[in-house]
Amino acid sequence: MGNFIGKSVKRREDARFLKGAGKYTDDIKLPKMTQSAFVRSPYAHAKILKVDTSEAERSEGVVAVFTAKDGCGEYGVPCGWQVDFKNGETMREPKHPLLAGDKIKHLGEAVAIVIAETLEQARDAAELVEVDYEELPAVTNPQEAMAQGAPKVHEDWEDNAAFDWCIGNDRAEVEAALAGAHHVTEMEFRNQRLAPNAMEPRSYIADYDVNADKWTLYTSTQNPHLIRLLMCAFALGIPEHKVRVVSHDVGGGFGSKIYHYTEEALLTWASKEIGRPIKWTSDRSEAFLTDAHGRDHVVNSKMGFDKDGKIVAHLTDEYCAMGAYLSTFAPAVPTYLHGTLFQGVYTTPLIHLNVTAPFTHTVPVDAYRGAGRPEATYLLERILSKGAREMGMDPAEIRFKNFIPPFDGVEQAGYQTQVALQYDSGNYEGVLKRGLEMLGYEDFRKEQAEARKNGKLLGVGFSTYIEGCGIAPSAVVGALGARAGLYEVGQVRVQPTGKVSVFTGAHSHGQGHETVFAQFVADKLGIPMDDVEIMHGDTEQVAFGMGTYGSRSLAVGGSAIIKSIEKIIEKGAKIAAHKLEAAEEDLEYAGGKWTVKGTDKSVSFGDVSLTAYVPHDYPEGLEPGLDFSSFYDPTNFTYPFGTHIAVVEVDADTGAVDLQRFIAVDDVGNIMNPMIVEGQIHGGVAQGVGQALLEEVVYDDGGQMINGSYMDYAMPRADDLPMIETDNTVTPCPHNPLGVKGAGEAGTIGSTPAVVNAVVDALAHLGVTDLQMPLKPQTVWKAMQN
Amino acid sequence: MNVSITVNGKNYTHDIEPRINLAQYLRETLDLTGTHIGCDTSGCGACTITMNGDAVKACTILAVQADGSEITTIEGMAQNGEMHPIQAAFKEKHGLQCGFCTPGMVMMAVDILKNNPNPSEEEIRHGLEGNFCRCTGYHNIVKSIQHAAKTLND
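Protein chains in written order, with this note's numbering: chain A, 1 to 786; chain B, 1 to 154.
If you are wondering where the hints come from, they were derived from the structure by calculation, not from laboratory data.
For every residue, glycine included, the Cβ atom is placed at its ideal position computed from N, Cα and C.
Don't take every hint at face value.
[As the list claims (entries may be wrong)] A few chain A residues that face chain B, going by a derived Cβ cut-off under 7 Å, partial list only:
| # | residue |
| --- | --- |
| 1 | Lys10 |
| 2 | Gly22 |
| 3 | Gly61 |
| 4 | Gly251 |
| 5 | His509 |
| 6 | Gly510 |
| 7 | Asn707 |
| 8 | Met711 |
| 9 | Met723 |
Taking the hints into account, I'd like the entire structure generated from these sequences.
Written out as structure tokens, the structure is:
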């Protein structure tokens with residue numbers, strides 16, 4: 001621990017946000033800026049027979065109206081991951097057009113953009129665009145999409161599959177082990193579709209400067225460089241060095257702002273056509289229809305146990321919706337971010353997962369906080385608790401029986417799973433023990449029994465999860481289908497006065513990087529935090545970067561910065577040695593100065609910085625300046641883990657679930673700022689509880705979304721949640737310099753099954769064995785009546 | 001239509017379209033972009049301001065309806081560069097992450113504490129029912145308002 005690392009330093013970002021001075025994209029106004037509105041399909045699947053824009057074009061204030069016929073984006077927006085079929089057939093990859101031409105493939109797909117002087121004029125004129133559609137039958141459920149005769153999303157192929165995939169041991173071997181198992185537990189369910197709902201709707205401003213022949217795109221994205229790359233090299237075919245992408249403050253992302261969206265490319269294209277800046281900000285109704293959704297897996301799973309409750313085999317078949325087109329990371333989510341977590345924290349010797357990923361007439365599905373890992377954890381933690389109940393075992397006991405024993409990844413080797421990954425370090429029984437202590441498990445069971453006598457329905461649910469974070473080693477993900485590397489870039493520029501500017505390719509949209517990164521930079525350099533400034537979110541400031549998702553910012557982005565700091569200290573030592581007339585190897589760096597070991601002779605960081613830029617008396621042959629940039633490519637994923645415990649009371653008359661306690665014991669490796677880690681857990685837990693109890697995007701059979709607004713889509717509000725009880729154990733990551741594992745997704749991954757297990761526990765004596773999310777009062781009440 | 005509205009102590013008179021709501025007026029006409037718009041159904045509370053002292057979702061009011069009223073937005077909370085105790089409490093208790101819902105949360109907290117200087121946790125949660133936060137799980141927002149209550153009462 002240093003002066004700042006490990007301390008709950010208050011956030012630097014807060015003053016501007018609290019004063020209303022944040023700079024979100026929609027807050028920006030440019031000279032001569034126009035506004036825009038989209039004409040979107042009211043059908044999920046339809047032929048476009050005619051588009052008439054003439055009246056709209058004559059409407060007051062209209063600058064231009066564009067449709068697919070105007071030649072926007074020959075190529076469409078690309079997918080960044082390729083998962084081929086098991087039989088070797090290439091992944092089916094339809095063009096994702098910027099505007100629909102002949103055919104509509106999901107509700108809300110854009111047919112035209114109307115650009116006008118004011119937003120009201122653009123919206124009024126959009127109403128005047130006449131589109132004739134011929135509605136066609138649609139399919140929205142991924143399992144139904146694979147049924148014989150299902151309406152096809154893309155005519156080019158014989159069925160709706162985008163790809164299929166499997167991982168783990170030989171299927172026949174797993175089936176044989178299940179046939180010989182003492183007990184087999186089965187589950188069938190749909191891990192329902194969710195809308196990410198970052199509070200700031202997506203917003204873009206594209207600005208083409210005709211004199212410079214350059215574009216600037218202001219965008220609410222989690223990864224500005226990736227957007228620039230995908231848009232320039234694929235969607236538009238324009239030179240990358242002529243485009244600046246800026247992403248200032250972003251109001252939450254949760255995955256939904258990773259992807260390159262059609263609107264970004266279309267605005268950029270149109271800005272050159274009209275020679276003026278164009279803004280578009282999604283309203284919430286559009287966000288429900290067009291932001292990539294999460295989850296939507298139909299799951300069929302069997303877990304076999306021996307007579308002692310040890311897992312002997314686990315076999316799962318899933319249908320995972322892709323939506324109408326392949327979004328940026330979509331194919332990775334139900335495969336490499338999902339199947340690779342099927343080992344969980346257990347010693348299961350035989351595992352097989354088979355995935356079929358069909359197109360559906362819905363908005364694309366992609367990574368949403370946790371991305372594939374919550375779906376894996378939900379299945380494992382639910383089926384394990386169900387199995388325990390069926391065998392008359394305690395749900396905590398069955399977990400202790402099956403845990404992988406503790407290993408630190410240094411003295412003891414990492415744990416090789418049956419599903420490709422090698423875990424870095426873990427102590428899974430440690431977190432459950434701590435969770436049980438915080439709960440007071442024995443007392444709770446007594447209280448529960450007592451309550452039952454009085455007709456009160458109390459339940460407790462456990463989840464002991466693991467996640468693969470710190471995404472990701474480039475060679476590994478490349479072999480798995482990624483079309484990009486997943487390293488990160490960190491530049492440390494020491495100014496002549498010894499002040500430090502850090503440029504990171506990671507992007508903060510609520511995580512507090514400006515604070516946390518400054519904490520460890522200040523400590524590693526032994527200088528005050530006030531001397532360190534963190535910059536991100538501008539492709540012309542930051543050399544390159546892959547952005548923020550997959551709990552990677554500190555583990556990967558932080559490590560890149562550390563590499564640059566090491567280079568600074570190494571070069572600084574050469575300058576210091578010259579000034580001190582000492583040998584470089586006799587120097588040590590600590591507390592902001594280089595000292596000749598065993599003496600009081602030293603030279604400060606500030607002195608060395610100034611000398612580097614005023615190199616009058618300077619080591620021969622050494623370049624002036626003190627400024628290094630590094631790429632860090634991790635050698636492995638990181639593997640945070642934890643135990644989440646929920647305590648619920650179910651209202652016997654209405655089926656309403658009251659979440660009374662939520663305990664989260666998470667191990668995210670070393671902790672830089674406990675306040676921020678806790679905050680990440682709180683927020684993640686709330687989203688996971690949201691899935692368990694409230695949230696679900698519902699499409700009807702025709703592909704209409706029937707709850708696409710805050711009047712209808714239930715998200716957790718303040719009175720849906722209790723205070724969350726948190727604690728940590730610390731098992732450092734052995735393979736990155738800060739020993740960190742990442743905390744962004746843990747809450748979401750661990751919490752959902754804990755809540756559902758708790759509700760089943762509360763109702764088990766009534767014969768309830770399983771419940772389908774979300775656990776609305778009606779769902780729970782019906783189950784109680786049966 | 002002509003409207004005359006006092007915002008953060010300053011009087012403004014504008015000729016505006018009757019269909020413009022107060023949130024749009026604050027953002028687009030007055031450039032007070034601290035008031036955020038997170039939905040189109042008055043469900044999220046990001047645009048909460050106070051109007052004649054009471055918290056109101058600015059998207060539910062047409063600007064012309066605000067004619068003659070006194071509005072305070074998030075920009076009007078800090079005095080002489082010093083954060084209001086409620087703003088300071090949000091920083092102290094980490095009651096914000098991405099910052100987008102924050103202005104609405106702070107303005108709602110003004111209303112909660114005005115009507116009930118010593119609210120219980122339950123009363124705070126009830127008071128925040130109209131405001132969505134997707135980052136904090138509300139835990140630290142509740143703590144921030146508890147902390148603000150303590151500071152304001154001391």
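Right, here's what the structure says about each hint:
{"no.": "1", "hint": "Lys10", "in the structure": "6 Å, holds"}
{"no.": "2", "hint": "Gly22", "in the structure": "5 Å, holds"}
{"no.": "3", "hint": "Gly61", "in the structure": "12 Å, violated"}
{"no.": "4", "hint": "Gly251", "in the structure": "3 Å, holds"}
{"no.": "5", "hint": "His509", "in the structure": "6 Å, holds"}
{"no.": "6", "hint": "Gly510", "in the structure": "3 Å, holds"}
{"no.": "7", "hint": "Asn707", "in the structure": "12 Å, violated"}
{"no.": "8", "hint": "Met711", "in the structure": "5 Å, holds"}
{"no.": "9", "hint": "Met723", "in the structure": "6 Å, holds"}
When each numbered hint is compared with the structure, violations occur for hints 3, 7.
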